[in-house]
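Chemist: Put chains G and P on the given structure of chain E with help from the hints.
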Amino acid sequence: MIVQQALNALQLGSIYALIALGYSMVYGVLRLINFAHGDIFMIGSYAALFLAVYLNMPIALILPLAFCAVGLLGVTIERLAYRPLRTAPRASAVITALGVGLFLETITLAVVGPEPKKFPALIDLNIITIGAFTATNIQIIIIAVSIALMTALDRLIAKTKTGMAMRALSWDKTYAPLFGINVDKIISFTFAIGAGLAAVAGIFVGLAYPIIDPYMGIIVGWKAFVSAVIGGIGNVKGAVVGGFLLGAVEILSAAFLPSTYKDMIVFGLLLIILLFRPSGLFGVPVQKKV
Amino acid sequence: MGLLLVAGFAAAFVCDTFNLADQYLAQIIMYIGINVILTVSLNLVNGYMGEFSVGHAAFMAVGAYAASFFSVSVFPQNPAFFPLSLFAGGICAAFLGFMIAVPAFRARDDYLAIITLALIMITKSVLENLPWFGGPQGYHGIQKYTNLSGVYLCTIASIMVIRNIVYSNFGRGIIAVRDDEVAANLVSVDTKQVKILAFVISSFFAGIAGGLFAHLIQFINPRTFSILKSTDILLMLYLGGSGTIIGSILGAAIWTVLIEALRFLGIWRFVFAPVALVMLMIYRPLGIMGGREWRLFIPKENDHGRKK
Amino acid sequence: MIMDEKNSTKLLFRVNGLSHSFGGLKAVSNFNLSVDSGAIWGILGPNGAGKTTVFNLITGVYKPDEGEIIFKNEYIDGLPSPAIIAQGIARTFQNIRLFKSMSVLDNVRTAAYGNLSYPLWSAVFRTRQYHNWENRVRGSSSAILEKFGLADRMHEQAASLPYGQQRKIELARALLSKPELLLLDEPGAGMNPAELHNLAELILWVRKEFGVTIILIEHRMQLVVKLCDYVKVLDFGETIFDGMTSGLGQSEAVVKAYFGEDQADARH
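Chains as they are written, first to last, in my numbering: chain E, 1 to 290; chain G, 1 to 308; chain P, 1 to 268.
Just chain E, same shape as in the assembly (with noise of 0.2 angstroms):
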């Protein structure tokens, strides 16, 4: 009982941990709580929810595919949105950043309707067993996909020229271009790498929960920006215990209280947790300039 617990909250944490990099990572780069992300996860769903009945495609297929495809979207709404409001107040580049959440929720409800879809099992569902320990296959396969990306992304940044760049671009913006740091190149690589782990995400809640509709992006993805943000933003080892922490705390909530208590728990952990440390558990503090 207590494993499958454990199960659950870890398959729960990979999903906000995959999508609360992509806040993370943004916010290092630009400075912006790009308040799209969420919906671009939904965007993810619904993409391999296309490839998966229209195209007939595999899950091997579909997991690469999508995570190009929507990176692809994340790029491109950098290039056109935020691109020409990098030096404009900070106000309009967060405004714009809600509208481009709010067109891809409307559009995709005007293309496919409000009604909620089923995501087809893209996968049989094996229960394995072992002694009193049981899994399902679907979990074992998310919790494990996850992980390994979020390793390569962590050796991505730390050992690959791009990550260094990003890593620069994060801490000095003014500077980083003085040593020969292409931004734009590596803000587009990071709204792409971002929006895939979004799109994987999305593919992984169709399995896990399989029914998708246009508004899932608004609090699945609002619960991965409080991950983010108690892990620290800005910071990408503190998404993934964010994100962790958000799904323990989610499934052991469900636990015990009803359903409607969710939200109240989980924003309440974020007021507390800003409460005793306003950076995150790993945000550096921030020092004011005078």
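Keep in mind that the hints were calculated from the coordinates and are not lab data.
Covered by chain G, according to a simulated footprint, are these stretches of chain P (three or more residues, beta-carbon under 8 angstroms): (1) 78 to 87; (2) 97 to 107; (3) 118 to 132.
Pairs of lysine-lysine, DSSO-like flavour, derived with a Cα cap of 27 angstroms: (4) E:K262 - G:K229; (5) P:K100 - G:K192; (6) E:K161 - E:K237; (7) E:K173 - P:K100; (8) P:K63 - G:K192; (9) P:K208 - P:K147; (10) P:K72 - P:K10.
All C-beta atoms, glycine included, are put in the ideal place defined by N, C-alpha and C.
Modeler: Frame of chain E; chains G and P shown alone:
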């Protein structure tokens, strides 16, 4: 000017008493009034003070629920008590604003956005779980007390109050926080006090708007006050141009009318609206008014005919 | 050379053993200063010597790690900035910090916030109390701007004025609260020699006209020698000179730091 205001009230009053206005038209006008109150009050925090709050829907919700509670359960069922219920709703919202403002203005810029976001979610969840207000099914039995003259009075009052605050010592403190908070502190502006004050006033008027709204549509539920409601108010504010009163009024009026006028487009109007907003932000980041105020809203003693 | 505090009957301001570090990096260590009423003090030192940090500690932007700050016989260290300003200290900034969207007049009268004497509802209902106070502040603000020769530009947007005038607006803003101690952070930053000369005249005039005691930060010898009665020279966080400006030339350490080893040797 004073004469015009009185004439406006007289017109609203006559329309109310003799039921002159077309029902639908009156409804739209009242929506515009309520949206103006919401936008002008959010403007104080997001425009003049340059912070970024997304919590207006929560304060509106508290105002709506509290005012409804007072008018349904506390006071006798009589429109004469409606102003009191409204005021009580505003006070409740202002109190919540105070509770939030004290911890919210502690750290970096995005802090307020994040905290007010959490506030919306928590408010909605609390309202869903409280047994007294009908939970997720919503609050029933609210009388239709909101009428044209009521909305008119509240709208004019909120515009006047916010104008008078902006063009006062407090207002200069608020704008100083936006322009340079550190410098403001070092020329004796108690920025902590200024921020809390602005936020509480802003919340109060959001609460009033919520009360009017509840007694206009007569049925409210927690979902009415979701993040989407806040987004709407933000859109109206930045559409007109933040930091000016005329911008708030125009933004609220244009948005409300446009959404109604484009009804024939169905869902697609909500697809085009955000695209238009993004375009506006890119090509005119300061909104329709571009930061210019109407002379009408600048008190005589502050008006030097200067171009801003 | 070091001023004898006991003989001073009009000590206005004193700093004892002030220290502050940023995450392990010591910006100011054991800084001491005693300022008499009416004096002009200069704090001289290269960039990064922690001069601005001293001002930030005095005005409550940062809380000092150690040390005490005494103004008019009262401890002011640890107070919030507005409270410190209200005691009678005002300052300007190295890179001018005006309220950009405000008019010149509004910039100056914002500094009256601290001695506010009407409640919020008085502003809302535009009571007599509101009008009286606002008229008084408006009067004193325009009087100060008049003195600085800015009266005719009062209603222009502050950020649209030329650099020199922006400096003056900042000074006027600082002086509105009738401070006894004025802290000027590199007032001559970005000025050419001719402008520096005018600035020196302006500062001397400010002392006379407004009766303030002044501490100013500089990294150039020229202005300090011209203006200051006393000077404190910092080098790598250490005080290498502290006393009457006239004694600067006799200090080997100062000559070494400012004119290089050669000149110091040549003197012997």
